[in-house]
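Q: Using the sequences provided together with the hints, build the complete structure.
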Amino acid sequence: MTAFVALLARNRLALAGGVVLVCVVLLALAVPVLPLADPDVTNTAQRFQPPLSPGALLGTDHLGRDLLSRLLWGTRLSLAVGFAAAIAAATIGAAIGIVAGFYGGRTDNIIMRGVDMLMAFPYILLALAIVAALGPGLFNALIAVAAVNVPFFARNIRGITVGIAHKEFVDAARLAGLSNRRIILSEILPNVIPVIVIAMSTTIGWMILETAGLSFLGLGSQPPQADLGSMLGEARSALITNPHTSIVPGVMILIIVMSINLLGDGVRDALDPRLKSGALSRPMAATRVDRAQTPPPPSGAGLLEVAALETQFHVRNRVYRAVGGVDLHVRKGECLGIIGESGSGKSVTALSIMGLVASPPGVITGGAAYYDGHDLIGAPYGRLRDIRGRSVSYIFQDPLSTLHPLYRVGDQLIEAIRAHRPIGRAAGRAKAVELLRAVRIPNPEKRITDFPHEMSGGMRQRVGIAMALANDPDVIIADEPTTALDVTVQAQVLTILDDLRRSRGLAIIFITHDFGVVAQLCDRVGVMYAGRIVEEGLTSDILRAPRHPYTARLMACVPELGAGKRRLEAIPGLPPVVDNLPQGCAFADRCQQVQAACRRAGIPLERHGTHAVRCLYPVPQSQEATP
Amino acid sequence: MTGYILKRLLSAVPVLIGITVIVFLIMALIPGDPATAILGSYATPENVAKLNRDLGLDKPLVQQYFIWLGNMLQGDFGTSFALNRPVLDEVLERFGATLVLAGTAFVLCAVLGVAAGVVSAANQYGLADKAITFAVLLGISIPSFFLGMMMILLFAVNLRWFPVSGMWPIYGARSLSVLLTHLAMPAFALAVVATGVVARLSRSAMLEVLRQDFIRTARAKGVSERGVIWRHALKAAMVAIIPVLGIQAGFVLSGAVYIEMVFQWPGVGRMLVDAILKRDILLVQGGVVLVAACYVLFNIAVDVAQSLLDPRIKT
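Chains A and B are the protein sequences, given in the same order. Numbering of the first sequence is given in numbering that gives the first Met the number 0, commencing with residue 0 and proceeding in unit increments. Numbering of the second sequence is given in numbering that gives the first Met the number 0, commencing with residue 0 and proceeding in unit increments.
Rather than coming from a laboratory, the hints here were simulated on the basis of the structure. Where hints are given, some of them may not hold.
Claimed, not checked - Restricting the straight-line Cα-Cα distance to at most 30 Å, the calculated cross-link-like pairs of lysine-lysine (DSS-like) are: (1) 445(A) with 313(B); (2) 445(A) with 234(B); (3) 430(A) with 234(B).
A: Structure representation (structure tokens):
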């Protein structure tokens, strides 16, 4: 609760709204004791006095009545009616909602049908019909406004109640033999009251506006009694000659409703946990780059080369070091595997290359990604966009969420081409068919008009691959493209990728957590742990004799066909949280061979020939990893 | 698609019946002798007798309802006692003027609101975002009738850009340009609140969509940022925006009552208010039922638009 108030107070606009509202309410409460002129005494000799006249601070209206006094009394009345309508609507609506939600079944069905009917009206028609039946008058206007808002509360509260009615503590109360009425009063009601209060705070400004509106139309408060709406309505005929009589009540309504809206927004923001974490931030077109040091120059080792890459996530005042200095490269026609557990930073590494890490919160804080000798990180957006999808393209993990759900797959393929070169309608279609055929989708002529949700997972993933191939790229970065697929489809997709690599000389970076996939496809493999490469070398070497204890344990997790008896060995413990990495080896806490020296300082990646390992006590090469 | 539209039209029948039941029940709330109360100062013995016959007020409530409903289905909404004219004729004539006003305001709020929301989301926390957020807050807080009055004061009285009120000049030719000059202020004043609501929702819907994986895919393809925002993100966000447009149509229709009063627009809203003040209950009843029915049909159109946009909706 105090955290909530603190959060609200930090929102200066909400605070300002709250302060203004409190002032207006206090003023309205104090009206009877203030030294004001009688609001209803007419004095036609003094009519339409301008503001700042002697004896009438805001002037007088068409009957010579003191505007300040009428304004304050009117404010008092408008606030009272608005609050009363809100409380009435909330009480009745909540009662209906609780009954419908708690009893469910037919009761629920009948009540909610009725609520839906009421909501089918534009609200003012209902209010007008009620006022028409009851006759004009402030109290009748109040009834109309409250009645119009009942369905809103009923529907909201019903939703909450349905959620609560099946919770354990309600079942427990039922088993204890409590009557339904007792359960509603003692178990349900306390849980929905906060929701009622919030719903009220968001609608009360609206209700004040609605009652003012009905009074403005002459259907609410009747003379000589005046609320803000009827003051405005009466002043309308003198709008052109004496605008101040209209402006005074109008501005007051604006102030009240605006302060309530500001406060309501603040309350909503304070209660919405997603806004607190900043998760609703929009990712920018390219990841933010903020490099403290100039990155190392390209070594010329490969077509795509990542050097000392560091990517962090800045969430409020925490820093998550997702990638902490990664070096890797891939040559033409080569497939490099990157393997690691979830959260090891392999996907972030891949996304950083083309600036696709969501930012905020992602920031690339160091290193470089050289494509053909030119650094992509920190490259101007126009150049980055030019390379994206044309020279370096991506295949993502879950094709259902990574394909646009509302465009046909053919159009999405054509767009991938059109983003880089103009192509006619017929040529585009022919190319899309050709691409789908290249990834062995049967009936490609028919399939290009499918929407993603009309395809199977394997087909969608092929579309993802076809899209990556659209511009004959040099490098494909595949981020767990087979994880969501079953084994047979996975094998087909891998075969397609392997064929493409051989026939087109593609360089592939293949990210996975599956050693089986690595063995099938990759020439070399890098093992990542806690944002770093811990071992890197030829796939055959590493599969035969892993040097890093983590690699060894990771491989031991893979069940082997035909070795039925071996038990699946999980690595005990969890990877370290990357906002609080240990000083020494990040794997130390889970390692069976750990020594004191491992925890002392950072450990460099030692390279011997083609094989590199980041460990002080690597597994001896003669020893077989799997006993 | 035709089948889906028919299905939706069919499902509107119970809603339409429900609307007539609700209106009928509200009118049954009228205290005392309904015929005299309804007719009020216009009551002549013949009128009372005719109304009693029209409504079957001597019969049980259920029977009364069916008589009333039966008459309406035959196009007989009764006669307005204040205007001495069939209710249906009067309502249809006035509703045309309301449609011009509310329709224009609705188009304005949809186009401006969505555009403002998209620009706001695309420049989150930037200058444009802050300016739009502030304008939206002002827009949803200002009573439309007050805004309308202030616009008259500024643009009609002081600057003389637009006529003060009305739909057509009393003398002179009726042309489109004349209509537009009369329409500009009321349509804008009516659209402001709804524009604010639509802009707000569009902004949050866009922010939600921009975090989705398929946006990253579009960027990875090398689609320009403009294409990402307006083609990819907006299309997906429209799935969330369109239902709100449907709801806002109801608010625009409601707000039209105030705006018609302020600008002396000869629409159905002003007719209803006049009818209430004159206790011309049959006119109120007929007007409410007809306008509500149109609103229900409009919402079906919204559903159909939604299903055209989103192929995942089963039609």
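Q: Any hints from earlier that this structure breaks? Give me their numbers in increasing order, please.
A: Structure breaks no hint.
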